[in-house]
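Asks: In case you want the letters, here they are:
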Amino acid sequence: MTDLLIIPIIKMLVIFGVCLFFVAYTTWIERKALGHFQLRYGPMRVGYHGLLQPLADAVKNFFKEEVVPDNADRAVFLMAPVISISFAVMLLAVIPFGPAMTIFGKRIDLYLANPSIGILFILGLATIGSYGTILGGWSSGNKYGYMGGLRASAMIISYELSLAFAVLSIIMVTGSFSLVDMVAAQQHFWDWNIFREPVAFLVFMISGIAELNRTPFDMPEAESELCCGYNIEYSSMKFSLFFLAEYTHLFVFASLVTTLFLGGWHGPVLPGLVWFFVKTFAVIFVCIWIRATIPRLRYDKVMKLEWKFLLPVALANVIATGVVVALLG
Amino acid sequence: MGLENQLVGDNVLVTSLNKLVNWGRSNSVWPCTFGLACCALEMIASTLADFDISRFGSEVFRPSPRQSDLIIIAGTLTKKMSVMVKRIYDQMADPKWVIAMGACASCGGVFKSYAVVQGADQIIPVDVYIPGCPPRPEAVLAGLMKIQEKIRTERLDQRRDFKPGMLEIPTGN
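Residue numbers (our numbering), protein chains in the order written: chain U, 1 to 329; chain L, 1 to 173.
With the rest of the complex left out, here is chain L (with noise of 0.2 Å):
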């Protein structure tokens, strides 16, 4: 994570401080320019007039993993594709969500075959799944409301990436 990992102890300003930096983090959630199949042209018409993904704060679609928060599989995940997703998710700088969008990406769909990956939950971790195939841009703004919903009620030390003694006071000399 960034910031928050040089605060070292029993800090009194971590639990204001959660607040604001959720408060930041839910309001702004960067997805990256990334899809896979059908289900990415419903995530390009959540952006447009009718759905508008931006009153979130969201329609910042970054073309490069180290700004963007939020990566959507979007689309059946071929076996030959995972190594890129595993890649680019890897490539993303803390914090960072990922949502399963659409049957292929959560299970594998209809797709149950030796070329397809059965959800991308099998090469990274699932923060929100969303049903449908393809899902409509509302079930994707619903999505979002959820991964929102999750950023605001996160803990920092319940966070994934949080190592163990992150906030201990470091012993020794």
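Okay, chain U solo, but in the shape it has when bound (with noise of 0.2 Å):
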């Protein structure tokens, strides 16, 4: 009874908890570090350096106007964000955060579940997950909203072979497709995959970026060409929800990178959960950086980009590993 259902409740109530605590923080860091880059200060006034400034704007989006245009598809308009949130959040079950732990003399795995699959599980989710974005675009009634969604389709679809192909080459590296059994074949530092797939982890980084839609690659966003693009009809809560999803969404890229290049928790002296969240906000600060370095690139670089550059690449790797590997045995 406690191992089947109380401990797993416990578990879901505090990852969800803490994790939707560091999204939210997510927009403070990213505000303060944009800022910085360009040096200026970022929120400073509500709290310490602004540190209340996402419930600010939590508090304001919750009070405020909700929108739904006349010639919106309202049901789909209403789903959209609530797909967008609730798959960004059910991704957060299959990472591990940490090493086991005994807590009371009973043992504690630092993950929600550890399905055999958990990379596709991801893969898989994260995908349906971009239907929020699409259906609400294309339900909200507006030509922006509409070209933010078939652009966030275009995206999905492309960008979704290179990142597949860059975990396959992990896969083959590791033998599994298990997140758990991933992070325990790189507990030597350079056993780590980034040393031994950093073609892959090039890949998987642009892939991903593109995937989350952040900066060089906002297309479904692209504020001087589309507004705002999916989420231009949104107000309010619902527009939060879809802010909220995307920061989950590299909440969890910034996990996974961990997870499958960086070593996972592995790490020497500090506990491992400390490493996971340092890693993770590296590549999170990583993700911030390229974005207030690298301006927006062209929709048509874009696809030339993945279809002539990274798939060709990503491939190449997987039948390269796959040599190494046999010959390796």
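These aren't lab readings, by the way, just hints derived from the structure by calculation.
Values in this document were obtained by computation on a predicted structure and should not be read as measured data.
There may be inaccurate statements among the hints.
[What the hints assert, rightly or not] In silico DSS-like links for lysine-lysine, alpha-carbon gap of 27 Å or less: (1) Lys150(L) - Lys86(L); (2) Lys106(U) - Lys11(U); (3) Lys80(L) - Lys143(U); (4) Lys301(U) - Lys143(U); (5) Lys150(L) - Lys143(U); (6) Lys86(L) - Lys146(L).
Hey, can you piece these two chains together into the complex? The hints should help.
Replies: Put into structure tokens, the structure is as follows:
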């Protein structure tokens, strides 16, 4: 009873609460970091160095008017943010946050589930989550929203390929689909997949950022072309949910990079849990850094980058990995 | 307005809620990405390094009026453009505030002409006027702080989008 029901429920609540707290503060980190990259301060007035800024934004958005346009498809329009956030949060279930702990004589694994196909679960649900973006854009009855949804689907279809191929080479090296096994295989520093598979790491980073719709590739919400794309008609909390889903995806992406390439929670001296979050936030910081550095690519160049560069490179990497794995036995 | 429309009757909650909501609203005033003339450049400059509007939590210039709380009428408002300005104002989700920035937006400025609207307050209700031609970014920040002050001291039933009877228990069947 306790093992089957109570412990998973407690774990679920803790993971949900802690991760959403971190996700909310990722927005604060992003605004502060972007500020300092541009020689500004970022939020300063609410709390110490603007620490309460996410709270103020949440309160404001909670009490703002909800607009549902007349020519929107009402049911789909209301469902889209829910799809977006729920599938983003579901991804947190299979991420191994740390080594097993012993609390009150019970062995507690720091992940909610360890399905043998963990990485496929993540790839699949991440793609379903993008239905929120696509449907939100299409149902809002706005031409910019429609274009944003269209671009979101094009981005997902193309960048999912190279992302999956990058993951495939990791699966070949590890010999398992389970994220827990992947972490276990990277115990020593030089065993980290970033050293074994540097090409896959680069492809995963680039196509992951594209999948997240973050700035060098933020086609679905290109401000200068599409106003704000798929979420143009969304106000108040529905817009916040989209925003939260986007940052949850960022958090999941960063923890995936940590798990697949940076040795997961392995590290010296500090406990595993701390290492996990240190690495994850380092990856998030790199994403913000890239956002502050590189301007948006043109739409056709984004497609060219994927189909003419990333996909062939990822394919060649898979073949090379296969040859090496076969030769080494 | 948003959720507080749902509060009916004399609620004890309302005063504390007022404080919380006003705190939230005043510290995250997201402006509309919208500029008309030379004042817009000063408005843009107020987001940059030397002035930094983000200290007040307002650097989130939303491209969609649905998500913005503040529209800064930055520049000369011609009669032709006034239709668009009115439409954007109508598209914004409540609660919303308006800053008339510069002499032209406040009273027509030097353009006493048949083509220029003599002040943005002829078509939409303005909360804060910023004098200057164009005003410096510091003046924009001062205007923003005035808006924040206004939001903080605001009472729910004094807002202009408040409809009489909004907080009363519906009678009848």
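Asks: All the hints need checking, so say for each whether the structure fits it.
Replies: Hint by hint, here is what the structure shows:
| no. | hint | result |
| --- | --- | --- |
| 1 | Lys150(L) - Lys86(L) | 22 Å, holds |
| 2 | Lys106(U) - Lys11(U) | 14 Å, holds |
| 3 | Lys80(L) - Lys143(U) | 24 Å, holds |
| 4 | Lys301(U) - Lys143(U) | 23 Å, holds |
| 5 | Lys150(L) - Lys143(U) | 36 Å, violated |
| 6 | Lys86(L) - Lys146(L) | 23 Å, holds |
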